[in-house]
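Protein chains: 2
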Amino acid sequence: MLPPFDPGAAAEASAQVGFATFTLDRHSERREEPGFVEAHRADPRARFFIVLGETPLLGLDGTALFDAETIGGLDHREETVFLGTGPDGPLFGIGLGKDVTAAIEAWPDLAQANLRSLAIDGSLPPALLGPLGAAKAVLGWHARHRFCSVCGQPSVPAASGWRRDCPACGAQHFPRVDPVVIMLAISGDKCLLGRQGRFATGQYSCLAGFLEPGETAEDCVRRETLEEAGIRVGQVRYFATQPWPFPSSLMMGFHAEALGDEIKIDEKELEHARWFSREETLLMLDRKHPEGLITPPPFAIAHHIIRAFAEG
Amino acid sequence: MLPPFDPGAAAEASAQVGFATFTLDRHSERREEPGFVEAHRADPRARFFIVLGETPLLGLDGTALFDAETIGGLDHREETVFLGTGPDGPLFGIGLGKDVTAAIEAWPDLAQANLRSLAIDGSLPPALLGPLGAAKAVLGWHARHRFCSVCGQPSVPAASGWRRDCPACGAQHFPRVDPVVIMLAISGDKCLLGRQGRFATGQYSCLAGFLEPGETAEDCVRRETLEEAGIRVGQVRYFATQPWPFPSSLMMGFHAEALGDEIKIDEKELEHARWFSREETLLMLDRKHPEGLITPPPFAIAHHIIRAFAEG
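These protein sequence lines are chains A and B, in that order.
Remember, my numbering sits 537 above the position in the first sequence when you count from 1.
Remember, my numbering sits 537 above the position in the second sequence when you count from 1.
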């Protein structure tokens, strides 16, 4: 698989969001083929992301990719994940154990990076940000799954980092991706935005929540909007998806038709929610709102869900 | 939350599939409220599904719901999940330990049921099939997650069955839902269907695959179609979602524009794949194909994805 498949696909909404650009060939059907990934590992063009627990490590000059020689000098390597091959060669992610303060001190050329900040400030090109997000999601999953949930014994990495196997009971475990719905309820010319206490000052965004067993994405949109803001919604329209590596979700974006406009927030979930006019929402997107209210930046799918409404 | 929210929502594609009807109020925000779920548990109208490992147990007369007195007589009860409240009272799921052949023998009024068969033959009304699917998905998750994946120690059920907590390291674990894309590639008047060796004789269906960290649903549709059948696809259009309790997935259905028609199957994934005309597909849906070829029954989202194409 070597994207791009089709120039038209690059225009789709799901391609506009942060962490969505992944142009490597994953070779997912060959990850267990004897010698296949090993040969790529030995390719002198092979490059490696480094992730400490859930945190990417970058060079002091902003470098995100390291060669095999550099990686070979790092202690506390726990897992390696084969991300795929691109025009410049194979890419891997290397996970370090969580308690490696000492290793970091011994490696003064590396610094912990904030993946959200990297996505916001654009200091990494999208073609690297996507694979780094994937590496962080898979390696973070390894870090939280070193024991078998079936029998409690230690499990071991398999399938080039895309599985863990339990030698004791034989169970296989695969990296987890949690589906999350994120939605904009619309009532006539107004949309519903809320803010959580942890948001940046003045920021409002779409409501969102984890999908549960036994519900469709559409039912989850209706349940979460009612629970968090007291608003019933009817028709639900799909917008786009986004891989979200915090820790490892699939954001599924929707627009939804509100059936009422009387808000009653769940104070455990939201600090505030209110209706915003199309005009006001445009000012927030463009950071020109007179009261300094803002929406999330363009790396977040919420930005695009809101903009699609605001621009009609 | 008490559905229906809106008569219009009942017409959406996601509402037409098996396991999608869930009209209980989940009270998801009150699962940890002291006394709340306990009061529902003590309600004389409370009813219980019983799940053995991954298998629902039904009465010999087909009954799926049992009262508290019956449940109280069962040994090997491991977990209880609060599913929600409906017009007839609260519903729960009870999980039995896996090795309870003896308990079953001691309880001659119960028989193991096949959840797929229940969905196909319609012997359970949709309003029960959806919650039973959810109970099976959550209780099956418990059965595979009795140990903490972070530290290997035994974990304990929490939040009325919607979480497991680790007393040793403090980690919280939530029921897993795995996103899966399922898609129909279309080339002009033809669509691409494949069959796996395990399928019923003559059955063809949509291609499908698990979504991985770092990809949008649309990219996953393109990757899986290329990997399994050698067909590149461009534009991808959302159709619907389906909760799928085998063991616990969210099926995300799409139509996709094929960019070529030369099929090259991955023989590890598929036994055969070919293009079918709209007319032939209609005959398969209606079980009138002269060679006896068929598509999956209406409880499967694949049926609806194919029918939407076939009927234009």
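Simulated from the structure, these hints should not be mistaken for laboratory data.
A hint or two may mislead.
Have a look at the derived ranges for each label pair, beta carbon to beta carbon [stated by the list, open to error]:
(1) G797(A) <-> A579(B): 41 to 51 Å
(2) D823(A) <-> Q709(B): 52 to 62 Å
(3) A708(B) <-> A548(A): 25 to 35 Å
(4) E848(A) <-> P691(B): 35 to 45 Å
(5) G599(A) <-> V693(B): 36 to 46 Å
(6) V693(A) <-> P691(B): 18 to 28 Å
(7) D823(B) <-> A737(A): 47 to 57 Å
(8) E848(A) <-> E575(B): 25 to 35 Å
(9) G725(B) <-> A737(A): 28 to 38 Å
(10) D823(B) <-> A552(A): 48 to 58 Å
(11) A579(B) <-> A552(A): 31 to 41 Å
Predicted model, so just to flag it, every value in this text is computed and none were measured.
Beta carbons: idealized from backbone N, C-alpha and C, even for Gly.
Worksheet item: At the C-beta level, are A708(B) and A548(A) separated by a distance inside 25 to 35 Å?
Response: The hint (25 to 35 Å, Cβ to Cβ) is violated, given that A708(B) and A548(A) are roughly 42 Å apart.
Worksheet item: Does the Cβ pair G797(A), A579(B) satisfy 41 to 51 Å?
Response: The hint (41 to 51 Å, Cβ to Cβ) is violated, given that G797(A) and A579(B) are roughly 34 Å apart.
Practice prompt. Could you tell me whether the CB distance from G725(B) to A737(A) stays inside 28 to 38 Å?
Written response: 49 Å, violated
Worksheet item: Between V693(A) and P691(B), does the C-beta distance stay in 18 to 28 Å?
Response: 21 Å, holds
Item to complete: Look at the Cβ atoms of E848(A) and E575(B) and judge whether their distance stays inside 25 to 35 Å.
Response: Roughly 50 Å apart at Cβ, these two residues miss the hinted range, so it is violated.
Item to complete: Could you tell me whether the CB distance from G599(A) to V693(B) stays inside 36 to 46 Å?
Response: 45 Å, holds
Discussion item. Can you tell me whether the CB distance of D823(A) to Q709(B) sits inside 52 to 62 Å?
Written reply: 39 Å, violated
Practice prompt. Go ahead and decide if the range 48 to 58 Å is satisfied by the Cβ distance of D823(B) to A552(A).
Written response: 38 Å, violated
Discussion item. Assuming the hint says 47 to 57 Å, is it satisfied by the Cβ distance from D823(B) to A737(A) or not?
Written reply: With Cβ atoms ~56 Å apart, the hint holds.
Fill in: A579(B) versus A552(A) beta-carbon gap, inside 31 to 41 Å or not
At 52 Å between Cβs, range violated.
Worksheet entry | Consistency of beta-carbon spacing, P691(B) to E848(A), with hint 35 to 45 Å | 53 Å, violated
When each numbered hint is compared with the structure, violations occur for hints 1, 2, 3, 4, 8, 9, 10, 11.
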